[in-house]
Amino acid sequence: MSDAKMITLTIEGRQVQVAEGTSILEAAKAAGVLVPHYCYHPGLPVAGVCRMCLVEVEKAPKLAPACATAVAEGQVVHVHSGKALEARKGVLEFLLINHPLDCPICDQAGECELQDYTFAEGRSEGRLVEPKRFNPVEDFGGDVLYVPNRCILCTRCVRFMDDVAQEPVLNVSERGDRAVIGKFEGQDLTHPWSGNVVDLCPVGALLSKDFLNKARAWELDRTASVCPNCTQGCNMMVETRDNMVVRLRPRPNDDVNKYFMCDYGRLNYRWMNRSDRLEAPLVRRGDRLAVAEWEAALVAAAKALDGKRVHAVVSPSLSNEALYLVSRLLERREGTGAFRVERGPEAPLPGVEDLALRSDRAANVHGAELLGFRRSDTPMAGLRGGDALLFVDADPGVLDVTDLGRAASVVVIGTTLPEVLRGADVVLPIANMVEEEGTFTNLRGRVQRFLQARAAPGMARPSWWVLGDLLGTMGEPGNYFLASDVFTALAGARAEFAGMSYDTLGLRGLPVMSPAGAR
Amino acid sequence: MGFPHKTHPRETPVLSTHFGDSEARSLSGWRARGGYRALEQALGMAPADIVNVVKDSGLRGRGGAGFPTGLKWSFMKPGDGKPHYLCCNADESEPGTFKDREIMRWTPHSLIEGCAIASYAIGAEICYIYIRGEFTEPLQIVGAALDEAYRDGILGKNAMGTGKRVDVYIHKGAGAYICGEETALMNSIEGRRGNPRIKPPFPAVAGLFGQPTTINNVETLAAVPPILTNGAEWYKGMSLSSPKSTGTKLFSVCGNIARPGNYEVTMGFPFREFLHDICGGARPGHTLKAVIPGGSSVPIQTMQEADATLMDYEGFVATGSMLGSGGVIVFDDSVCMVRMIARLARFYAHESCAQCTQCREGTAWVTKILERIEHGSGTTADLDTLLELSENMTGKTICVLSDSCAAPIVSGIQKFRHEFEAHINGKRCPMRSAAAA
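The listed protein sequences derive, respectively, from chains R and P.
Just so we're aligned, residue 1 is where the first sequence starts under the working numbering, counting upward by one.
Just so we're aligned, residue 1001 is where the second sequence starts under the working numbering, counting upward by one.
Every clue listed holds true.
Keeping only pairs whose Cα atoms sit at most 27 angstroms apart, straight-line, the calculated DSS-like set for lysine-lysine is:
(1) Lys1199(P) with Lys59(R)
(2) Lys89(R) with Lys1199(P)
(3) Lys89(R) with Lys1368(P)
(4) Lys1427(P) with Lys132(R)
Which stretches of chain R does chain P cover? Using the computed rule of at least three CB atoms under 8 angstroms from a CB of chain P, they are:
(5) 44-51
(6) 63-76
These are computed hints drawn from the structure, not numbers from a lab.
In this text, a Cβ means the ideal position worked out from N, Cα and C, and glycines have one as well.
Bound-form chain R, shown alone (with noise of 0.2 angstroms):
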């Protein structure tokens, strides 16, 4: 930044700076004001054809689009003059004479920049008499529903899946107003990140059949996460109704995701609604599991891990904040702890630097080494004759009876009781990701939040207060209120972290500290 050439214009009467080069439409970003825009998209190249960011600048002959003219000294620019007003007000009413106007059963009603700028700026009613164009709906494979009728041609789809995907697929096929989104012939949306079209597209055109007619948009309330389905760690927002995930969308974060989000993490939320869930504590009476209070099922966990050796099997998609207060109950019985990470084919966004699907399937394998658990295919192997077993909702997979047998004791925090744990002594529901704050560490050591989405079922607790509640209940000083609390104890302890708040985080995460003391 230092070395760019600085321009100074005016936009809308306030002075602005910016680095030279820089466009109209960004410039006036800085400057707090919105150039309304169909077409242009910061993650995407700029095609300068919807013509809805025309703005007048001073002593130029012609209206310019403010995505394609880049800002020059002492440049005056008026995005709501009379004229721009006007232009854009001609784009709308041209937008929208095809469109069937069908708002009430499409999508992407209620989060439609169509709908948007004709409520702010559009004519009240259309003058066109004669019958609209009509073209059916297309399947174009993967998650993507393509209504053409409904398409303004902002081409955003097809610059996602020739510059970002490089994969073409989409183009756009015929001329004038006979031009319609086409597929190249034989080929599907199946790119692993082709759902981001929808995601990237303006109006209701391009939809994902994973959604289709679920929900209203007003009617889901949106809270800003981490995706947990690999070591990347694309920020996202989860969108729930009435306590139930619905959709999973990306999160802009220039450091980790830029604008995407692939489909598979996208499309992997349904686990988060399961219903077969813990929901009260569980304290062995005899040859079955009981229901119990919290405080007796906490008082039973801490005595069947007292006085023994407890070997922890973890899930690696535990928060930092969980996995530092069972590394603390390691340290007080001198226990280890392992975990094991799902895998799958990795899948790489070509036009964005260091973004894939990573082939290591959970949310914070960094964080859990950083911790000092141990990366296994046989977590179960560190467990000794007479350890007590700590198993944090990690996968049963890696479980066998005769394991079982090993242990002394068997202690469950988790968010279901699978099959072979019912021999356990203690089980302690925790919520699950959506339903609790925490923080994850992803493959490059970034840190991030990720706030509570729903509520969590029946008596479950957040991770970090339930561990924090039986390290208590074990004998170790100090209270945690609130999943900060541990995370500012983890920053404490632990020199990775230190420095580190809920507060300096923020949305968008700040990078571990390297052993050599640089972030």
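Use these hints to put chain P onto chain R, whose structure you have.
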């Protein structure tokens, strides 16, 4: 000459001297008529000197925009370490224009010579001649001439034995009007969809394959050899009016006129005399009503305006239109202007590349309205809507296709409003009912 007619005494044939003379097509025939002397002369000059001669001659782009050719060439910076390209725009897709076709049909070597000189002048080693696909005959003729030129060593790695490389390739278009737009043409050569590009960057900075490129019309390039041979002063001297418009211009005349054809006159020739004297005026029993003087994209002129026009870049602007490509479309009293304008709009709606909203939707919409008026279902409010839509379609898009569609509509409603109103009030086309009766 007014091919297929004999040269009219008031014409000034320079480019059209050999139209109709099939022997001028061959290399030997062309040489016998003085061909390739200009190229020989040029290859002995410094490129900058050639650019200066063209600058001094006052030659301006003959494709429609009228940009000074020498100035355009001077934008190509020698020694910038990048490959330079020359494109010859032989797409000639503007309705009413067929002058380049005749140049290519009769004197293909004049074009090749012009391309070679221009390539050398701007430091380009490669020139693409982009010929529209429908021009099957010109394609074949230019192709044959090109083969001859290569065989004779005029082109190639060692053009005319001077050690300079000049390669000329023909690229065949596939019939899109928009590919006559310079940046769409470049996209088309590159194998992309023929969509105009946003400017800047201009072709001289980043054109074909992202490299510095100059693009000239066929007529412009064909005018270069005679300028070099006869000198800038000779060319400059050929002007009857404005010193800003020099030389001769080919006009393609079609429509309701006694002798349609290509005519070459000096800049500043009186349009009235051109139409009535050279072209023979109206057909017997008819009177002229209107004229589109520069290809379908320019505003329509009434005969009153046309009669007061001097035929050059400034002259046509002074009377409310433009010289454009020199495609003169003449309408007489048998023509329904509403029908004509609707037909023009339909053409633009069909050819819009679909990038810009105003053009994609606007051209189709105004076509629907115009056709409705023509069929007798229009209202007076439709005329206001048309004018408003035309305003929204003008000056707001990447290229000027949308403006071109709006121009005849606006000028048509302004100048022939009574015809529109007759359709609206009579609920049918008055011309058609007259024919039926």
